[in-house]
Each structure stands twice: as structure tokens, then as C-alpha cells.
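Could you slot chain B onto chain A? The hints should help.
Protein chains: 2
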Amino acid sequence: MVTKNPDINKIMDYINGLSKHRDLTKEGVTRLLFDEYWISAQNWLEDQFKIAGLCTYYDDVGNLYGRFEGDSKNTIMTGSHVDTVISGGKYDGQYGIVAGLVAIEYLKSNFGKPKKSIEVVSMAEEEGSRFPFTFWGSKNIIGKVPEEEVGLLIDEKGVTFKEALKSAGFSFKNNIDTKTIDGFIELHIEQGGVLEIENKTIGIVEHIVGQKRYLVTLKGEANHAGTTPMKYRKDSIHCASRMVCMIMERARTFGEPIVATVGKLEIDPNTSNVVPGRVTFTLDIRHIDKNLMGRYIEEIMNEMKDMAREMKLDLKVEKYMNGDPVPMSSHLVRTIKGICEEKGIDFKMMHSGAGHDAQIMALKVPTALIFVPSHKGISHNPEEYTRIEDLGEGVKTLIETLYKLAYE
Amino acid sequence: MVTKNPDINKIMDYINGLSKHRDLTKEGVTRLLFDEYWISAQNWLEDQFKIAGLCTYYDDVGNLYGRFEGDSKNTIMTGSHVDTVISGGKYDGQYGIVAGLVAIEYLKSNFGKPKKSIEVVSMAEEEGSRFPFTFWGSKNIIGKVPEEEVGLLIDEKGVTFKEALKSAGFSFKNNIDTKTIDGFIELHIEQGGVLEIENKTIGIVEHIVGQKRYLVTLKGEANHAGTTPMKYRKDSIHCASRMVCMIMERARTFGEPIVATVGKLEIDPNTSNVVPGRVTFTLDIRHIDKNLMGRYIEEIMNEMKDMAREMKLDLKVEKYMNGDPVPMSSHLVRTIKGICEEKGIDFKMMHSGAGHDAQIMALKVPTALIFVPSHKGISHNPEEYTRIEDLGEGVKTLIETLYKLAYE
Chain A
1 MVTKNPDINK
11 IMDYINGLSK
21 HRDLTKEGVT
31 RLLFDEYWIS
41 AQNWLEDQFK
51 IAGLCTYYDD
61 VGNLYGRFEG
71 DSKNTIMTGS
81 HVDTVISGGK
91 YDGQYGIVAG
101 LVAIEYLKSN
111 FGKPKKSIEV
121 VSMAEEEGSR
131 FPFTFWGSKN
141 IIGKVPEEEV
151 GLLIDEKGVT
161 FKEALKSAGF
171 SFKNNIDTKT
181 IDGFIELHIE
191 QGGVLEIENK
201 TIGIVEHIVG
211 QKRYLVTLKG
221 EANHAGTTPM
231 KYRKDSIHCA
241 SRMVCMIMER
251 ARTFGEPIVA
261 TVGKLEIDPN
271 TSNVVPGRVT
281 FTLDIRHIDK
291 NLMGRYIEEI
301 MNEMKDMARE
311 MKLDLKVEKY
321 MNGDPVPMSS
331 HLVRTIKGIC
341 EEKGIDFKMM
351 HSGAGHDAQI
361 MALKVPTALI
371 FVPSHKGISH
381 NPEEYTRIED
391 LGEGVKTLIE
401 TLYKLAYE
Chain B
1 MVTKNPDINK
11 IMDYINGLSK
21 HRDLTKEGVT
31 RLLFDEYWIS
41 AQNWLEDQFK
51 IAGLCTYYDD
61 VGNLYGRFEG
71 DSKNTIMTGS
81 HVDTVISGGK
91 YDGQYGIVAG
101 LVAIEYLKSN
111 FGKPKKSIEV
121 VSMAEEEGSR
131 FPFTFWGSKN
141 IIGKVPEEEV
151 GLLIDEKGVT
161 FKEALKSAGF
171 SFKNNIDTKT
181 IDGFIELHIE
191 QGGVLEIENK
201 TIGIVEHIVG
211 QKRYLVTLKG
221 EANHAGTTPM
231 KYRKDSIHCA
241 SRMVCMIMER
251 ARTFGEPIVA
261 TVGKLEIDPN
271 TSNVVPGRVT
281 FTLDIRHIDK
291 NLMGRYIEEI
301 MNEMKDMARE
311 MKLDLKVEKY
321 MNGDPVPMSS
331 HLVRTIKGIC
341 EEKGIDFKMM
351 HSGAGHDAQI
361 MALKVPTALI
371 FVPSHKGISH
381 NPEEYTRIED
391 LGEGVKTLIE
401 TLYKLAYE
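Top to bottom, those sequences are chains A and B.
Per this note's numbering, residue 1 is the first one in the first sequence, and the count goes up by one each step.
Per this note's numbering, residue 1 is the first one in the second sequence, and the count goes up by one each step.
Chain A with its partners taken away, still in its complex shape (with noise of 0.2 Å):
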């Protein structure tokens, strides 16, 4: 049971030491996997993980983590990635490392040594802004990514994913694990507009919602925009909204929490005076429920066909990310619940619709998400911003879940 709170100015420090470690001639952080901002942000934590009296490692693909031993060698994890997106804030993914530590160093000088040993893990990789590769650094933890998936993607400047990480100092994994995760739990600013919207400090994520992807491409008939009367028309980018506006009305008919985004759209010629001969655009739905989210789609790709086919226009739909929504785990998902009730903590339950480390986790530890606010909800941006109260709540909170994990 904690009784004092953490220390929230610490937090600050952390996430303003860390933010240093950027590429300056870039708005906000921009840090990529193993670039040398990426290295001197990781020699940073290392050196903050000594001065908490934590043991660190490395392991083979570049994750960094700092130990706090206890009676057994069964382990408690914390943390998040210490890559941002280009331009991104101070506080996705940082804020998870940081609070890790931030909560180690509590336990550490008002509990001692734990039942269990805890640990703050600084992942490699998450965001996939680099390389066209996404949880690099979950993903290994929880497994292995072989190199053949990965060696020979290029970044922007030709690089290889192979010899970006040789030259970082790493490898592809090859160590076996030989700890036991007993748990992962991840805490993270919501990058949605939800908690501050409706005035709570701590999101309870229970589903990381399944994302399905599509490009769609009509094609119809480009036509002079003053010699062809409507009637002759096949006018794609009028089939296009019709569908827009279908897929939209349907997603908030059926019910919270789908959500389903147009959010790529061009046209062809795109030209003032011609009538669009083809249209394509990415149409991206998540939902928690796999499902729902398969009915969902199966009646907006059906009314889509009879669109098309009532104005004569080429339909094309393509699938280009499939994933499943994962559960967090119901276990840990009730202590935090309890832990917020015990101690006032204004909570709410709910899902997560970005991607995060903890649905990688989830495939093989008990895991959990736990929120805060995003101011407007803007994330992946230098004006992310969460209160330093809000911060501190949120540290609380995996202070809370820790202690019950690792001391209990």
C-alpha cells in the first residue's frame, strides 16, 4: 500500500532530459531507430538507470533495461519505446519509459527489494518511421524477428535495416530468454481527445482494437465537365461520396466503438473542368469486437459493390493491413480497476484505437495499458501535451500496480 506521492517535478526532468537527445534541425523530437540521437537517448537512460542503482542490459536487437532485483527471478515490466515518430512530442512513448523508472525508484527507497524483480525496458522500436517495420522492439522480446523479414529494408537515405543495426552495435536476436515475464504493464498518453473530454485522469484500456485497411479504387469515365450531361456521367467522384457518406452514417449507426476514417483520397485527372475518371481511397476501420468488425465490413463492402454497379463505375478493394484486436489481460485489467476505486482515482474503461508495444506483449504476457490525457487529443505532433498532474496520476497508478505485483 503507497501513501505518498511521487515526486511529479522528477517526471518533468526525465522527459525534458530525454527530449534533448533529438534531432534539432527537426520541429518537436524526432529520434529514428539506431540514428545517433537513438544512441545518445539510450547512453542517457542507461546512465539514469545506474543513478537509480538499477542493473542495466542491453539485449541483442538494441531494448535497454534496468533491473531492480528481487527475492525471485520471475519479472514485472514496465516501459514503452524510445523512438518517436519524425516531428513527433515529448511525451508518446517517452512518458512509459520514464514513469517506469519514476516508479522503480519509489518502490526502490520506500519498499526495498521486491517478491519479485521489476524492470524498466526502453524499447528499441515502435513507430516504424524509419523502416517499414513496426514493434521491432516488442516484437523481439516477446520473439524473435528473423532477418530475412527485416535485413534488407531501406530507410529514406538507401540504409539497410541490417546495417543500421550492425552499426548501432546490434544484432539480430540471438540469446535465448532465459527470464519469466510475469507481467507487462504499459502506460501511455491516450493520443485521443476521450479522458479529457470527459474529465477523467486514468484510461483502463481493456481491447486494443483490430485495424483493417483498404484501398479503393473506382473507375469511371473522365469526361469534359461543360459537354457531357449528367445522365451520360460516370462520375467517380460522385460514386466515391456516396460511399464516404454511407460508410460513415453505417459506422455511427452501428454502434460505439467502431470508428472507420477516409483519410486518403485523390482523383484522377484532378482537374477543375474534367470529370473524375478515377478515384482511390484508404479506408481504415478498427473495432475490439473481430466480429462485429468482419459484419461491419461485409455490409459496407456489399452496399459499396451495388453502388458501383448501379453507376457503371470499376470497383476495386484491396486489403493491406489485417490485424485482429487483442485483449489486455481481464486479471490485471481488474487490480488497476480495484487499485483506482481504493484510491479515488477519477478512471475510465475503455479501448485503445492506436497501435501500442502492449498488444505485441499481450501475444505471450499477461499485459495492461493504462492512460492519460492528451490535450485535444493531438499526438504525433510537437504540441502533444499532457498536464503534469495528469503525468503524475498516471505514475501513481503504475506505482500502485507494481507494489501489487511485485511486493505482494
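No lab work stands behind these hints: they were computed from the structure.
Result set (DSSO-like, lysine-lysine): computed pairs, CA atoms no more than 30 Å apart in a straight line:
1) K312/A to K348/B
2) K113/A to K337/A
3) K50/B to K108/B
4) K264/A to K319/B
Cβ pair distances, simulated, as ranges:
5) N270/A to T25/B: 19 to 25 Å
6) N291/B to E156/A: 54 to 60 Å
7) E389/B to N270/A: 34 to 40 Å
8) K20/B to N270/A: 29 to 35 Å
9) R252/A to L215/B: 25 to 31 Å
10) L215/B to T253/A: 30 to 36 Å
11) E383/A to D306/B: 29 to 35 Å
Chain B residues, not near chain A, derived (Cβ > 10 Å throughout):
12) G28
13) S87
14) F172
15) K319
16) K404
Ideal Cβ placement from N, Cα and C applies to all residues, glycine included.
Same frame as chain A, now just chain B:
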């Protein structure tokens, strides 16, 4: 009264001869105002006019004339523009000039000197493809384009209009018109698919549509596609899609000949996993009746305002083209209709949905515009095609018309 048919092979010979004067680095025919291909095309046409026994001259601004002197100085004029779009076809503009030449040759050899003089004009420019200015040729025939209006416009390479004009040997209009134009007849391809679909040979244009163009900007909120519930979104592509559907459906129920086109649409940030914060789209509306067009526009603008208000988006509408409909001379329309009826030509009374030199000439001179079919309505494209029989019927109709106006 004309009895023999014109030599249709001659039409294609002239079209092919003229088409040789083009930028060979581009597909189709490309010949921009005052460029080297334009100069050689005008020179070649002048030679053909001379060979046909016409008196030739240029005006100050680059229009080329072939004159067949009649008993009176009063002139019946025919022709079209010699410039093309980039990668245009062989018929747009060119056909009208060639047809005028073939018609005058025919009349000259069969009927000799006319009562009124007849001129074929190869107008310098109509398309606005080199400089952002249209109808340079016809605007200078019926009036005077002042230097202030176009002198400093620049082309793609940074050459000013004034420099291009001078280097081709021309100037802004200096000389006062001395001739009286009693009528202008333009023969042109339809650039739409109506005549072909309805199996007609000749279109007699009663009106050239008015064109209004708008740039519509919708500003909502860019949000994360996963973390923003549907109810908290200000989705600009959803709102734009509702507007497009409404605009198109209203245009269909409003009745012909209104046409409404959303040809260009851009969304920001245009990323699959971000709810679009901003959409801009163009709206092109055309009608032959100014009042009806005004009513339609008022209706859709009101609906657009309602939609934006309801979805809490900012709406901005900017008008950037504001052309009124132009009627053709009802006397000439009746004359041509009479000819078609008498000669058993399968004609259609119609309007032009595209702009033509005729709409400028009509502001000062009794003007007619005659269409021949465009295969599949394709124009401004190397695929532009009209059957030779149809080209022949067009010339025949032109000959009959010129005969009535200049000989009777």
C-alpha cells in the same frame, strides 16, 4: 443553292498538313501561342490560303486572314483558333480553319465572286494553354485587349506575354477595324458525346453555356483515426462527400441542361490514419439560362451552409469564374436549321457546354456555332476523333450557310 458535295479528302489533307506543325516531343498536337510550331503553322496556312487564291494578311495581334473579296466590303467570317492544348488532338480549332478554307475554295470555284466578302480566320489563341489568358484572338477582333491586362503574364518558362508577342513579330492592337463583319460562323467538333450517342450528324448551337467556378474549402479537425470516436469528429471528407452527393443529385433533378462538376479535390493531411482536417474542392456549374443557374446555385449554397453548420465545420466559398450564358444569333440559327431541313441533314438543336471563340464574337457580331460529332466525346487528347463523313457534312453545312449569307 449548292449541289455537289465538297471534296472530303481535301479536308483530311489540310488537317494532316496543319498537324505536322507541332511539338514532336509531346504526344498528339501541341502548339502554343507564338511558339515556333505556331509560327510555322500560321505560315503554312498563309501559303494554303494563297494557293487557294485568297488575299492574306495578319492583324496586329497574330490573327491570320484569307480574304475572298466580294462586291461589298461587308464581310462574312468563318474560322477558329490555331493554338492547341498541350497534347491535344487534330480537330479542336484546326477543323474550323480548314473547313473555312475548303468551303471558300468550293464557293470560289463553283460560284465565283460573292456579293459580300468572305474571310477565313486562323485565330491566334483560344485555349489559354501558354499564358493564363483565353480568347486572345477573338477578343482582339471584336475589341482590344489592353497591354495592362496580359503584358506581364508569364508562361511556364518565365517568358512574359509581351516578350512572346514581340518575338513572334506582333504587337498589342494598334489599328482600328475598317471592315464590317456581318456574320461569324464557327464550325467545331462537339467535344462531347451527345451527337454520337443520339446518332446525329450536325449540332446547331443555340446557346453557349455560362460558367461559374468556385473553390470550396471545408475546415474541420485533423484527428487520429483510431483514438477519435465518430461522435467527436469534425470530418471534412465526410462533409465534403455529403456536399458532392447533394450537388450531383440536385443537378440531376434540376433538369437539363445544367451540369455540375467537382473535378478537383484535395484533402489535408491526406494520410490513411488521420481524419482529414481540411478539404478543398472545385465546383464548376454551367447552364444556358442565367436565372435558372442562379436559382440552382442559391439552393446548393444554402444546403452547403446548412451541412457545414450541422457538422461544425468552417465553410469558405470563393468564386473564381463568372461567365454568363451567350445566345447565338437566332437569325443565323434559323438559317442553318432551314438548310439542314432542306438538305436532309440529321441535325440536333443543342447548346455548347464548352467555351468557344463564337461566344466572344457573338458579343459584337451575329454569330453561329455548328458542331460535328466527337467520337466518345473525347477531346483535348490525342485520341480526339471525328469520322471523315461527319467532317464532310460539317463543311457542306458551312458552305450552304456561307452561300446563303454571302451570295443570296
